[in-house]
Amino acid sequence: MAAAIGLVAVWQLGVQLLAIPDYLLPGPRAVAATVVSERTLIFQHGLVTLYEAGLGFTLALVFAVPVSVIIVWSKVAEKTVLPLMVFLQTVPKVAIAPLFIIWFGFGPFPKVLISFLLAYFPIVIEMVTGLRDVNPTVLDLARSMSITPFQTFTKIRIPNSLPYLFSGLKLGALLSLVGAIVAEFMGSMDGLGYLVLYANDRMDTTLCFAVLVVLLLLGKALFSVVEWVERYAIAWHVVVRENEQIMFTT
Amino acid sequence: MITLDGVHLTYPHKGGSIEALTDVSFSAREGEFLSIVGPSGCGKSTLIKIIAGLLPTSKGEARVDGKLVRGPHPNVGIVFQEATLLAWRSVLRNIMLQIEVRQEFENDAYVPRARDLIKLAGLDGFEDRYPWELSGGMQQRVSFCRALIHDPPLLLMDEPFGALDAMTRDEMGVWLQKTWMERARTVLFVTHDIGEAVFLSDRVMVMTARPGRVKEIMEIDLPRPRELRITEEIEFVKYVSHARRLMHAEGYY
Ligand SMILES: Nc1ncnc2c1ncn2[C@@H]1O[C@H](COP(=O)(O)OP(=O)(O)OP(=O)(O)O)[C@@H](O)[C@H]1O
Ligand SMILES: [Mg+2]
Chain A
1 MAAAIGLVAV WQLGVQLLAI PDYLLPGPRA VAATVVSERT LIFQHGLVTL YEAGLGFTLA
61 LVFAVPVSVI IVWSKVAEKT VLPLMVFLQT VPKVAIAPLF IIWFGFGPFP KVLISFLLAY
121 FPIVIEMVTG LRDVNPTVLD LARSMSITPF QTFTKIRIPN SLPYLFSGLK LGALLSLVGA
181 IVAEFMGSMD GLGYLVLYAN DRMDTTLCFA VLVVLLLLGK ALFSVVEWVE RYAIAWHVVV
241 RENEQIMFTT
Chain B
1 MITLDGVHLT YPHKGGSIEA LTDVSFSARE GEFLSIVGPS GCGKSTLIKI IAGLLPTSKG
61 EARVDGKLVR GPHPNVGIVF QEATLLAWRS VLRNIMLQIE VRQEFENDAY VPRARDLIKL
121 AGLDGFEDRY PWELSGGMQQ RVSFCRALIH DPPLLLMDEP FGALDAMTRD EMGVWLQKTW
181 MERARTVLFV THDIGEAVFL SDRVMVMTAR PGRVKEIMEI DLPRPRELRI TEEIEFVKYV
241 SHARRLMHAE GYY
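Taken in sequence, the protein lines are chains A and B.
Okay, so the first sequence: first residue is 1 according to this note's numbering, each after it adds one.
Okay, so the second sequence: first residue is 1 according to this note's numbering, each after it adds one.
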């Protein structure tokens with residue numbers, strides 16, 4: 001926090017002292033003023049981006065969780081689905097975004113799709129790790145209780161995977177936003193990505209920065225929502241993690 | 001109760017397999033407290049897993065209650081060196097896992113019993129606490145409760161006190177003896193600590209270094225209940241030094 005305030009101060013001072021014109025690098029005060037004066041415009045477009053990213057992220061979550069369970073459940077899926085995903089992941093999403101625009105038009109669908117494609121992968125990877133990463137002695141113990149394979153998942157593997165799932169979700173939330181913006185760059189009539197391009201075209205650097213600041217805040221907000229849900233969903237883990245951070249403050 | 005007959009166990013391993021047990025034969029009587037001591041890596045944990053039905057033998061057979069062990073069987077409770085509690089479950093719910101998972105039990109009927117066990121283990125008031133709120137010794141006591149909740153006639157313990165400090169170990173030893181005397185069940189108790197083995201056991205089985213075989217089974221003829229004082233008495237010390245000599249002969253220490 002202090003670092004952020006310091007950065008903003010240095011930025012404002014530097015811009016003023018070096019007398020940099022706004023179209024090159026606007027100062028934080030000018031950017032803040034634009035955020036306020038253009039709030040309706042930014043809000044309208046922000047809503048579009050939030051909708052696309054939110055939908056992409058939700059789809060990623062709904063898709064990733066069962067797929068991860070299937071991958072860990074079935075040897076066959078592990079040998080087919082997972083390698084396929086890893087392979088597809090090597091295709092740069094940014095490069096196929098224009099294709100999606102051609103195929104699916106200028107509406108929200110291709111944006112949601114790109115957003116989904118970017119977000120699901122870290123969620124699957126994290127969750128698969130969490131489902132697998134169970135202490136072998138715990139599994140021995142469970143087997144000694146004649147546990148069924150189904151119960152191994154409901155009572156041990158899935159709860160065990162939740163901390164991993166949430167770290168995947170944090171990454172996924174940010175990537176879903178990136179996906180929506182990138183897709184908007186490729187062809188769009190609205191959204192914050194469109195607004196950045198629009199501002200650029202008109203050499204309105206201040207508006208460009210204003211949108212970037214809003215994007216930053218949006219990313220932070222999405223991240224915080226996931227963190228907030230995590231706090232309630234897996235309190236047993238969050239508390240332990242925070243206890244580990246108790247130390248002398250000097 | 002438990003009979004092993006010519007049990008061999010070989011772990012497959014790239015570049016040659018590892019022979020963990022060769023020709024292990026012994027039996028444990030009904031209601032007996034039998035300790036297993038031996039050098040590190042001699043196959044004690046392997047033996048426990050075979051008897052629990054977690055690991056098939058390479059050769060020979062293990063029987064529990066006359067029945068051939070072919071997989072996990074219902075009448076057993078296990079305690080490992082680590083407490084292996086589930087972090088997302090409270091003390092009570094960790095203990096109840098054993099009941100939830102085994103279809104043959106009525107869930108609710110066992111909650112009062114779990115509470116009794118918690119009390120016996122000196123964990124009164126900790127029912128709803130989570131594992132990270134407990135000390136190592138307390139966690140291990142919870143895992144004892146979990147192993148006892150379904151009242152199994154057979155208890156398998158693999159260095160259950162291994163991770164505890166000397167004082168807690170002594171206390172837990174006394175507690176375990178008391179629990180066992182109240183309800184005699186067959187116990188196989190693996191330990192590194194010869195004194196602990198002699199203190200607790202009816203018989204102590206000494207194993208050879210890898211690949212493990214049974215070197216000798218010592219009868220411990222000391223009256224019960226045994227108090228910690230007994231460790232200073234001459235008979236006790238004789239048993240301990242005899243067992244130690246057997247281990248020395250194996251190049252241990
Ligand atoms: N899963 C495994 N795969 C391959 N080899 C194994 C495996 N588990 C144990 N071994 C080998 O089998 C031998 C016996 O192992 P085991 O864990 O039974 O010994 P132990 O007597 O319990 O030792 P310690 O006293 O150190 O716990 C060891 O030499 C070990 O290297
Ligand atoms: Mg061992």
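It cannot be assumed that every hint is accurate.
Straight-line alpha carbon distances no greater than 30 Å define the calculated DSSO-like cross-link-like pairs of lysine-lysine that follow [stated by the list, open to error]:
| id | chain 1 | residue 1 | chain 2 | residue 2 |
| --- | --- | --- | --- | --- |
| 1 | A | 93 | A | 75 |
| 2 | B | 49 | A | 75 |
| 3 | A | 79 | B | 119 |
| 4 | B | 59 | A | 155 |
| 5 | A | 155 | B | 119 |
Between beta-carbon pairs, the in silico distance windows are [claimed, not checked]:
| id | chain 1 | residue 1 | chain 2 | residue 2 | range |
| --- | --- | --- | --- | --- | --- |
| 6 | A | 138 | B | 219 | 33 to 43 Å |
| 7 | B | 227 | A | 149 | 46 to 56 Å |
| 8 | B | 135 | A | 138 | 18 to 28 Å |
| 9 | A | 149 | B | 183 | 30 to 40 Å |
No wet-lab data here; the hints were simulated from the structure.
Beta carbons are placed, not taken as given, at the ideal position from N, Cα and C, and that holds for glycine.
Hint by hint, here is what the structure shows:
1. A/93 to A/75: holds (28 Å)
2. B/49 to A/75: holds (25 Å)
3. A/79 to B/119: violated (49 Å)
4. B/59 to A/155: Not satisfied, since the Cα-Cα distance of roughly 34 Å exceeds 30 Å.
5. A/155 to B/119: holds (26 Å)
6. A/138 to B/219: 33 to 43 Å: holds (36 Å)
7. B/227 to A/149: 46 to 56 Å: holds (47 Å)
8. B/135 to A/138: 18 to 28 Å: holds (20 Å)
9. A/149 to B/183: 30 to 40 Å: Roughly 33 Å apart at Cβ, these two residues keep to the hinted range, so it holds.
The structure does not agree with the numbered hints 3, 4 stated previously, though it agrees with the rest.
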